[in-house]
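J.: The primary structure of each chain is shown beneath.
2 protein chains.
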Amino acid sequence: MRLSPEEARRRLAPARVARLATVDAAGHPHQVPAAFAVRGDTLVTAVDHKPKRHQGLKRLRNIAVNPGVCVLADAYDEDWSRLWWTRADGLARVLEPDRCPEQLSWLREKYPQYRDRPPDGPVIEIAISRWTGWAAADPVGPRAGGG
Amino acid sequence: MRLSPEEARRRLAPARVARLATVDAAGHPHQVPAAFAVRGDTLVTAVDHKPKRHQGLKRLRNIAVNPGVCVLADAYDEDWSRLWWTRADGLARVLEPDRCPEQLSWLREKYPQYRDRPPDGPVIEIAISRWTGWAAADPVGPRAGGG
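Protein chains in written order, with the working numbering: chain A, 1282 to 1428; chain B, 1282 to 1428.
No lab work stands behind these hints: they were computed from the structure. Small disclaimer: the values here were computed from a predicted structure and weren't measured. Mixed in with the good hints, there may be bad ones.
Intra- or inter-copy, both count: the list cannot distinguish identical chains.
[Said to hold, decoys possible] Taking lysine to any residue and the SDA-like style, the derived pairs with C-alpha atoms no more than 20 Å apart in a straight line are: (1) Lys1339 x Leu1376; (2) Lys1391 x Arg1411; (3) Lys1391 x Pro1378; (4) Lys1391 x Arg1291; (5) Lys1391 x Glu1406; (6) Lys1391 x Leu1364; (7) Lys1339 x Ser1410; (8) Lys1339 x Pro1286; (9) Lys1339 x Arg1411; (10) Lys1391 x Arg1290; (11) Lys1391 x Trp1361; (12) Lys1391 x Ser1362; (13) Lys1391 x Ala1356; (14) Lys1339 x Trp1415; (15) Lys1391 x Arg1292; (16) Lys1339 x Gln1394; (17) Lys1391 x Arg1283; (18) Lys1339 x Ala1417; (19) Lys1339 x His1309; (20) Lys1391 x Asp1358; (21) Lys1339 x Gly1308.
Next up, chain A with everything else stripped away, as it sits in the complex:
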């Protein structure tokens, strides 16, 4: 079953990890897992810690040429009647961390890991224009525990 936009957002927001897809100048997709936080229709993720800087540059270069991005969270279970996923599509922009204390506070609030070691790289802010999702079974209906 399709999820409503509200239900898609409700499931995506608390997910601990999502995947950020961007597109390079040649039209090739790129994906990285990302910690993220959501407020309303805004999703933020940060380029954290120097070992990832190389990857960060690729996603940032992609956003510079192609601001359209996609964020996906999903739940895997060997019982395929429990599968679900949720996706957010929107336009991204890159912010320097000293320009977005508010957005960084969303990330620190969600992830204790960031409280000890705040992200030191740019912040990607995404204006979500479309929330979609799918679940194998109706989460609240009579089929929730069934096949």
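Position chain B relative to chain A; hints supplied.
T.: Just chain B, lined up with the frame of chain A:
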């Protein structure tokens, strides 16, 4: 640390789910979670079961205009020293299921779920040209259990 192509493939192949990113004609990325199987540098995934058919059409339309795709698997852990991900980039083509019994057998072998209910939609076959990956800690080195 960066993973070698061999290590990236060794980690991706047994992952139970990965995310397939494709790009539409307007250059916007699209992602879906996918069951998949790997042999050598070939990765296959199938469009299974009618309820997903709508989504399947989108990814198939994308591949028709943009065969360059990306597949990502990652491990999340609240201990961020255990994070890793692995990514495969390549060119996709779409096969009718009755033309690829071999590829379908790879999927059935990996997923008991497919033995009872074989995928009934097209098969996406990806020729992987690049395996990349990253792990927060060296999986076999002295830092494996550390921070």
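J.: Now look at each hint and say whether the structure bears it out.
T.: Now for the hints, and whether the structure bears them out:
Taking the closest pair of Cα atoms, Lys1339 and Leu1376 come within 20 Å of each other only inside a single copy of the chain (15 Å); across copies the shortest separation is 31 Å, beyond that limit. Neither within a single protomer nor between protomers do Lys1391 and Arg1411 lie at most 20 Å apart by alpha-carbon distance, with minima of 23 Å and 34 Å respectively. Taking the closest pair of Cα atoms, Lys1391 and Pro1378 come within 20 Å of each other only inside a single copy of the chain (17 Å); across copies the shortest separation is 44 Å, beyond that limit. For the identical chains of this complex, Lys1391 and Arg1291 are intra-copy neighbours only, at 15 Å inside a copy versus 32 Å across copies, given an alpha-carbon limit of 20 Å.
In the homo-oligomer, the alpha carbons of Lys1391 and Glu1406 lie at most 20 Å apart inside one protomer (16 Å), although the nearest pairing across protomers, at 38 Å, exceeds that limit. In this assembly of identical chains, the alpha carbons of Lys1391 and Leu1364 lie at most 20 Å apart only when taken from different copies (17 Å versus 24 Å within one copy). In this assembly of identical chains, Lys1339 and Ser1410 lie within 20 Å of each other by CA distance solely across copies; the values are 18 Å between and 23 Å within a copy. Taking the shortest alpha-carbon separations for Lys1339 and Pro1286, only the inter-copy value of 18 Å comes in at or below 20 Å, while the best intra-copy value is 30 Å.
Taking identical chains as interchangeable, the C-alpha atoms of Lys1339 and Arg1411 lie at most 20 Å apart only when they sit on different chains, with a minimum of 15 Å there against 24 Å within one chain. In this homomeric assembly, Lys1391 and Arg1290 come within 20 Å of each other (Cα to Cα) only inside a single copy, at 16 Å, whereas the closest approach across copies is 32 Å. Only between protomers do Lys1391 and Trp1361 lie at most 20 Å apart by alpha-carbon distance; the minimum there is 14 Å, versus 29 Å within a single protomer. In this assembly of identical chains, the alpha carbons of Lys1391 and Ser1362 lie at most 20 Å apart only when taken from different copies (18 Å versus 29 Å within one copy).
Taking identical chains as interchangeable, the C-alpha atoms of Lys1391 and Ala1356 lie at most 20 Å apart whether they share a chain (19 Å) or sit on different chains (19 Å). Proximity of Lys1339 and Trp1415 under a CA criterion of 20 Å is satisfied inter-copy only: 14 Å between copies versus 30 Å inside one chain copy. In this homomeric assembly, Lys1391 and Arg1292 come within 20 Å of each other (Cα to Cα) only inside a single copy, at 15 Å, whereas the closest approach across copies is 28 Å. Taking CA atoms no more than 20 Å apart as the test, Lys1339 paired with Gln1394 passes in neither setting, with 24 Å inside one copy and 37 Å between copies.
In this assembly of identical chains, Lys1391 and Arg1283 lie within 20 Å of each other by CA distance neither inside one copy nor across copies; the values are 27 Å within and 27 Å between. Proximity of Lys1339 and Ala1417 under a CA criterion of 20 Å is satisfied inter-copy only: 18 Å between copies versus 34 Å inside one chain copy. Proximity of Lys1339 to His1309 under the C-alpha cut-off of 20 Å is found in both arrangements, the shortest distances being 12 Å within a copy and 16 Å between copies. Proximity of Lys1391 to Asp1358 under the C-alpha cut-off of 20 Å is restricted to the inter-copy arrangement: shortest distance 14 Å between copies versus 24 Å within a copy.
In the homo-oligomer, the alpha carbons of Lys1339 and Gly1308 lie at most 20 Å apart both inside one protomer (13 Å) and across protomers (17 Å), since each shortest distance falls under that limit.
In terms of the numbered hints stated before, the structure departs from hints 2, 16, 17, listed from lowest to highest.
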